[in-house]
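Protein sequence lines, in the order shown, are assigned to chains U and A.
Take 1 as the starting number for the first sequence in full-length UniProt numbering and just add one per residue.
Take 1 as the starting number for the second sequence in full-length UniProt numbering and just add one per residue.
Calculated from the structure, these hints are not laboratory results.
Just so you know, even glycine gets a beta-carbon here, dropped at the ideal spot from N, CA and C.
Careful, some of the hints might be misleading.
Listed next, the in silico DSS-like pairs over lysine-lysine satisfying Cα-Cα at most 25 Å (straight line) [to be verified]:
| no. | chain 1 | residue 1 | chain 2 | residue 2 |
| --- | --- | --- | --- | --- |
| 1 | U | 156 | U | 138 |
| 2 | A | 163 | A | 108 |
| 3 | A | 393 | U | 92 |
| 4 | A | 308 | A | 83 |
| 5 | A | 440 | U | 156 |
| 6 | A | 304 | U | 169 |
| 7 | U | 336 | U | 408 |
| 8 | A | 440 | U | 77 |
| 9 | A | 83 | U | 73 |
| 10 | A | 228 | A | 203 |
Covered stretches of chain U (chain A as the covering partner; in silico rule of three or more C-beta atoms under 8 Å from a C-beta of chain A) [to be verified]:
| no. | segment |
| --- | --- |
| 11 | 58-69 |
| 12 | 81-87 |
| 13 | 112-122 |
| 14 | 161-167 |
| 15 | 191-203 |
| 16 | 223-235 |
| 17 | 410-418 |
Okay, the calculated beta carbon distance ranges per label pair [claimed, not checked]:
| no. | chain 1 | residue 1 | chain 2 | residue 2 | range |
| --- | --- | --- | --- | --- | --- |
| 18 | A | 235 | U | 201 | 43 to 49 Å |
| 19 | U | 441 | A | 75 | 47 to 53 Å |
| 20 | U | 252 | A | 288 | 45 to 51 Å |
| 21 | U | 382 | A | 94 | 17 to 23 Å |
| 22 | U | 232 | A | 207 | 19 to 25 Å |
| 23 | A | 106 | U | 149 | 40 to 46 Å |
| 24 | U | 437 | A | 93 | 22 to 28 Å |
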Amino acid sequence: MASRNHGRNHKNDDNHLNGDSSFSHVPKKPKLGTFITDSEIQSEFAHHDPAVARINNGSFGCCPASVISAQQKWQLKNLRQPDHFYFNELRKGILHSRTLIREIINADQVDEISIVDNATTATAIVLQQTAWAFQEGKFQNGDVVVMLHYAYGSVKKSMEAYVTRAGGKVIEVQLPFPVNSNEEIISEFRRALERGRAGGSRVRLAVIDHVTSMPSVVIPVRDLVKICREEGVDQVFVDAAHAIGCIDVDVKEIGADFYTSNLHKWFFCPPSIAFLYSRKSPRCSELHHPVVSHEYGNGLAVESAWIGTRDYSSQLVVPEVLEFVSRFEGGIEGIKSRNHEAVVEMGRMLATAWGTHLGTPPDMCASMIMVGLPACLGISSDSDAMNLRAHLRDVFGVEVPIYYRPPKDGEIGVVTGYARISYQVYNRADDYYKFRDAINQLVRNKVTCALLSN
Amino acid sequence: MASNGHSNHVHGQEDQNHTNGSAVSHMPKKLKLSSPPSSPFITDSEIESEFSHHDPAVARLNNGAFGCCPASVISAQQQWHLKYLSQPDSFFFNHLQNGILQSRTIIKELVNAEHLDEISFVDNASTAATIVFQQVAWAFGEGKFQKGDVAIMLHYAYGAVKKSIEAYVVRSGGEIIQVHLPFPVSSDQEIITEFRRALERGKADGKRVRLAVIDHVTSMPSVVIPVKELVRICREENVEQVFVDAAHAIGCTHVDMKEIGADFYASNLHKWFFCPPSIAFLYCRRSPKSCDLHHPVVSHEYGKGLAKECSWIGTRDYSPQLIVPAVLRFVNRFEGGIEGIKKRNHDAVVEMGEMLAQAWGTHLGTPPHMCASLIMVGLPASLGITCDSDAIKLRTHLRDHFGIEVPIYYRTPRDGEVGSVTGYARISHQVYNKVDDYYKFRDAINQLVRDAFTCALLSD
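Working from the sequences, and respecting the hints, build out all of it.
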């Protein structure tokens, strides 16, 4: 085990794997400026509840104090003289954020980048367009939309609300979990596309996660988009809620028509802000923000920049976030790389401690990984998983989402529960030891989910 | 002239400057159930302190556009925000829904809705309009409404609402009829007559009027519309759904859901109800129709009723929806609470409007009873406001050169009118305003007139 894990005995800098001490496997560049120190990182996240081992960055993300402070400055600027803010500052600020995002994700034009609240909103935008296409006769009743079985719950609801309701047929790609290789995913995807095209149906849209939520797996999106093009799928939408700041994002390389990612998950923005990339192409009908305002018809980016009076401050702090990440060695790339290594290491530590296994190989995870929980905990349903999660929060001060994986036919005594652990710059090895010890204690005390639900 | 106002003129600069402060109230002192008799009402210097974040160099006469938020509410909001950031999962599972429920309960009481489920929170009236119109679009799409069925709206409906109707109703096959309203206007009857006329046009040739969209307080020009009457007429004439766009109403004019009787009613709480940006309520009267409403941003709670859907539309900052209790505490520091504030704002804005009209030799755009806490004041014709862009340029000029923030409305002259007033300023009055704000405006316009200024002189 790498020496840095012994850091828990030392109340010192070494606990933060992203700090400027001796952990980084990235070759050290000569220090011209100083990188952020561990105590500065602690200070930036001092508002996090210290009693909680916060290993769920994947759900709600995090925001450093210096960015919160920048956000409050923008808020006060607006409250001070809102008319002036509206006429003279707001649009400039949003354009600046969009410009920075364009560079980060390698989009061609800034018009292709719109800022919205979250991936859920981006999904509504894309699917509403699909619903209009059915309603206006561009698509026919029964035309198909393909999505992953592990698509996020709210995306499934959005499919129901817009696609199914408008006459579309939704086909789900069954994915194995645990999963061992990209090839397993690619085969299932091809199979689903075939089902979609059976009987001469058209596949109008494929919705593909970049990093699924539960269970969390990095999907080979580039390959899947390529297959979609080969198979004549009209439009491809990549739901990359987690991606930016977590995994590599190059929208030209990925080649989708639409791509969305939340900046408040892994890119240190306050809640909430996401970008929706919409490739300039004749294939794509006009997207509109569902909340219609004065700017209707001026392009999605302009529409999204004004959807009525509200607090746009979270969309204005991208410059300050870039300043924050540049204080880390290697910037966001360095952070991503160290997060990945750390989460794999912590995942293996836990799997070893519990005698279980990881849900994916390291190359199919980014800064989150699925770790099997001891079978004796008896996780036998989604609600067991929820109860166990609440128990860990309330009794042990550990925040981590639990996934229930139904056993396949014939499987007995298998692992049916996986914890999705995240790693972000504020995490310490102690957080994962706390989790390890909590589970070990539950096992020692023969606690089962059946007991918890009583 | 309201006695509160009078003392403001006489004693230029002191406590009495705030018509909402404690010192000069001539209103009968009712015993307020919500604050103990022994506690003093908020003082003028406390009010100043609550709004000390406002730019002191600006005469802020435009509360109608973006509203205002006192420091104590901003502080409450920041506390909620930090609570969330401190442990978001626990916040999501244990605190958020309760907090939203508490806020909704207060609003339900305030607006006299029958059931709590009738009250949902959304970002703003624009979002509420989307929700109502999207439902109409589905009705056309699913054959419930027929192509050519009619939706009626006021000609003075807010620009964003007009776009929304285009995006949803026209796009899905509906026909729009606009109610032309006179301005300046002198009586409710003028509005009622035009509304009836539009309804007749709507029902001509056997068409069905599926939706009426009626403003409670129009934006530009600002007029209080007799909504109760118009809703009654809609019921008589079998209009299927009535949506009242009351963006300004709560905290500004009388708001009573049962009395008004609309199917849907939306009002922003960040305009006149001291909430931070942004939060609005959308009231949906319990009926078979109300099941069809959905928030356009679909999340886990889809299908569980609009209020539940609205309470979770993905990760975002819900803190503006959580501070309604803090706002209630704030308004109850004023004598008469929100009712007292409304009344004093109304009296003050009428007084200031009359003062300006007299100083400029113009007139008010509506009689006092057709305004709430905003009023339209004619600008001297010599300023030569001849189009919408003149109005915007003049507004910018007032902001940049005189430190005055006030929206200007361009009113197209009718055939034959010569030398008439074509520009109106929409002045607002809120608790932070002082008479000096209006004197500053008065003097700025007088100076422009003296200098023979016209809008033609302003460059593009």
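Structure-based check of each hint:
no. : hint                         : verdict
1   : 156(U) to 138(U)             : holds, 23 Å
2   : 163(A) to 108(A)             : violated, 29 Å
3   : 393(A) to 92(U)              : holds, 20 Å
4   : 308(A) to 83(A)              : holds, 22 Å
5   : 440(A) to 156(U)             : violated, 57 Å
6   : 304(A) to 169(U)             : holds, 23 Å
7   : 336(U) to 408(U)             : violated, 34 Å
8   : 440(A) to 77(U)              : holds, 23 Å
9   : 83(A) to 73(U)               : holds, 19 Å
10  : 228(A) to 203(A)             : holds, 21 Å
11  : 58-69                        : holds (count 6)
12  : 81-87                        : holds (count 6)
13  : 112-122                      : holds (count 5)
14  : 161-167                      : holds (count 4)
15  : 191-203                      : violated (count 0)
16  : 223-235                      : violated (count 0)
17  : 410-418                      : violated (count 0)
18  : 235(A) to 201(U): 43 to 49 Å : holds, 47 Å
19  : 441(U) to 75(A): 47 to 53 Å  : violated, 41 Å
20  : 252(U) to 288(A): 45 to 51 Å : holds, 50 Å
21  : 382(U) to 94(A): 17 to 23 Å  : holds, 19 Å
22  : 232(U) to 207(A): 19 to 25 Å : violated, 43 Å
23  : 106(A) to 149(U): 40 to 46 Å : holds, 42 Å
24  : 437(U) to 93(A): 22 to 28 Å  : holds, 23 Å
Going down the numbered hints, you'll see the structure goes against 2, 5, 7, 15, 16, 17, 19, 22, while the others check out.
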